[in-house]
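Engineer: Given next are the chains, with one letter for each unit.
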Amino acid sequence: QQQVKQSPQSLIVQKGGISIINCAYENTAFDYFPWYQQFPGKGPALLIAIRPDVSEKKEGRFTISFNKSAKQFSLHIMDSQPGDSATYFCAASLNQGGKLIFGQGTELSVKP
Amino acid sequence: ETGVTQSPTHLIKTRGQQVTLRCSSQSGHNTVSWYQQALGQGPQFIFQYYREEENGRGNFPPRFSGLQFPNYSSELNVNALELDDSALYLCASSPGQGYGYTFGSGTRLTVV
Numbered sequence: 001q002q003q004v005k006q007s008p009q010s011l012i013v014q015k016g017g018i019s020i021i022n023c024a025y026e027n028t029a030f031d032y033f034p035w036y037q038q039f040p041g042k043g044p045a046l047l048i049a050i051r052p053d054v055s056e057k058k059e060g061r062f063t064i065s066f067n068k069s070a071k072q073f074s075l076h077i078m079d080s081q082p083g084d085s086a087t088y089f090c091a092a093s094l095n096q097g098g099k100l101i102f103g104q105g106t107e108l109s110v111k112p
Numbered sequence: 113e114t115g116v117t118q119s120p121t122h123l124i125k126t127r128g129q130q131v132t133l134r135c136s137s138q139s140g141h142n143t144v145s146w147y148q149q150a151l152g153q154g155p156q157f158i159f160q161y162y163r164e165e166e167n168g169r170g171n172f173p174p175r176f177s178g179l180q181f182p183n184y185s186s187e188l189n190v191n192a193l194e195l196d197d198s199a200l201y202l203c204a205s206s207p208g209q210g211y212g213y214t215f216g217s218g219t220r221l222t223v224v
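Quick mapping for you: the protein sequence lines, in order, are chains A and B.
Residues in the first sequence are numbered consecutively from 1, following our numbering.
Residues in the second sequence are numbered consecutively from 113, following our numbering.
By construction, these hints were calculated from the structure, which means they are not laboratory data.
Treat each hint with caution, since some may be false.
[Said to hold, decoys possible] Computed cross-link-like contacts, BS3-like style, restricted to lysine-lysine with a CA-CA straight-line distance of at most 30 Å:
1) B/125 <-> A/99
2) A/111 <-> A/5
3) A/15 <-> A/111
4) A/5 <-> A/42
5) A/57 <-> A/5
6) A/42 <-> B/125
Given these sequences and hints, build the entire structure.
Structural biologist: See below:
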């Protein structure tokens with residue numbers, strides 16, 4: 001019940017395209033859903049986060065869509081750029097500042 | 113000083129040895145968490161400290177222990193190292209409830 005399942009494992013997108021990464025969770029008590037970006041040799045960096053009382057949140061080219069009834073949320077990267085090539089992790093926690101349960105990660109490659 | 117600093121960046125140890133990893137958080141970040149990230153996997157929660165007391169632990173054996181100090185630094189200690197302990201160890205700090213975490217770049221531990 002504590003798992004967060006992420007797909008796809010890897011994704012190749014052309015420059016300018018839309019990258020979509022999906023996550024599903026089981027614990028309905030989760031209250032905070034962040035997305036992290038990780039470059040090789042670096043720690044995860046917070047990209048954008050959402051709470052379950054909101055169905056969508058947008059920050060620049062990054063959008064989270066949240067479907068509470070389906071217990072799913074997704075990250076959309078619009079106008080994908082080669083500099084977006086990284087590993088992306090979804091996560092969930094019972095509260096902001098609490099233990100994070102991470103998905104398995106998606107390795108995104110944006111081709112020029 | 114901003115950000116989370118971890119040391120050392122890389123470390124090689126022999127099976128059975130003990131290791132201490134260090135983390136320096138931002139001033140005012142009284143919550144620190146440690147995560148283990150195996151190659152190609154999402155980070156796994158080890159434990160969390162709040163104001164120098166452990167207040168949450170993941171599914172890790174007691175040979176994983178930690179300390180948090182009043183100067184916002186912390187340590188992760190691992191005794192009786194096993195080959196499977198080889199991973200990237202991440203420290204993350206937060207000002208507390210309602211705030212997200214800032215991750216360090218991690219310590220890459222290799223056990224041979």
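Engineer: Next step is simple, just say for each hint if it's right about the structure.
Structural biologist: Now the hints, each set against the structure:
no. : hint           : verdict
1   : B/125 <-> A/99 : 28 Å, holds
2   : A/111 <-> A/5  : 26 Å, holds
3   : A/15 <-> A/111 : 6 Å, holds
4   : A/5 <-> A/42   : 23 Å, holds
5   : A/57 <-> A/5   : 21 Å, holds
6   : A/42 <-> B/125 : 21 Å, holds
Every hint from the earlier list agrees with this structure, and none is contradicted.
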